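Q: Starting from the given sequences, assemble the full structure and let the hints guide the process.
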Amino acid sequence: MAGNPLKKLIGNDSEEAIEQVEHLLKRLQREVKKTSRELEEQQEKNITLIKHIEELNKQHSILSQEVEATNQKLKEATKQIEKATSEIQIFKPSVETKLINQITQKLESELANATNKINAEANGFAQAKEVFSKHLKQSKETSDEMEKLRAVISKIDEKDFTLEAYAKQLDKNDREKVKLLKKIDELESMLAKMKRK
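Counting from 0, one number per residue, gives the positions in the sequence shown under numbering that gives the first Met the number 0.
Hints are computed from structural coordinates only; laboratory data are not their basis.
On a predicted model such as this, the values are computed, not experimentally measured, just so you know.
Virtual Cβ for every residue (Gly too), placed ideally from N, Cα, C.
Check the hints yourself; a few may be wrong.
FRET-style restraints, in silico, Cβ to Cβ [to be verified]:
1. Glu175 <-> Ala111: 42 to 50 angstroms
2. Ile61 <-> Gln101: 53 to 61 angstroms
3. Val20 <-> Glu40: 28 to 36 angstroms
4. Lys57 <-> Lys97: 19 to 27 angstroms
5. Ser60 <-> Lys33: 15 to 23 angstroms
6. Leu62 <-> Glu40: 53 to 61 angstroms
A: Spelled out as structure tokens, the structure:
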């Protein structure tokens, strides 16, 4: 078994042994200082690393809170959308029915107005046609009477009967005929206008 190196050194020359011991001590001191510095540096690195870890933990905590808040908002928004969708499904039939009823009422009103207008025009046309037929009949009767009167007058001897009264009657009848013809023209114009509408 090997002996203690210090004892061996002490057993030799004292000065040489002391120098070697001092040299060994200095070397050990340097090693200790070096190791101490390395430990301090490592400790500083560890402190910095711990700070980084703490900061990351803090940021992670904040991020987790934000994610949780966002998830909560999404859940609330989803509930609102589901509620709105449900309400739409509930009220959709009534809204459609109301809209259809409004459109139907409007169409029925427009159809009624158009029907009333057509009926009014038809009634006016019928009345005008009736008046026209009446005046036409009167005009024909007047013309027939005038022809009869002319036939009678042509057979009467001028010596036996004066024609002055009959001439006046003829003039009167002619004037009535002109009036009737004028009314007929007016009725025809009115009928033409009604047909164009």
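Q: State for each hint whether it applies.
A: Checked hints:
1. Glu175 <-> Ala111: 42 to 50 angstroms: This hint holds: roughly 45 angstroms between Cβ atoms.
2. Ile61 <-> Gln101: 53 to 61 angstroms: Once the Cβ atoms are compared, 56 angstroms apart, the range 53 to 61 angstroms for Gln101 and Ile61 holds.
3. Val20 <-> Glu40: 28 to 36 angstroms: holds (30 angstroms)
4. Lys57 <-> Lys97: 19 to 27 angstroms: Given a distance of about 58 angstroms, which is not inside 19 to 27 angstroms, the answer is violated.
5. Ser60 <-> Lys33: 15 to 23 angstroms: violated (40 angstroms)
6. Leu62 <-> Glu40: 53 to 61 angstroms: violated (32 angstroms)
Figure legend: structure checked against the earlier numbered hints; hints not met, in rising order: 4, 5 and 6.
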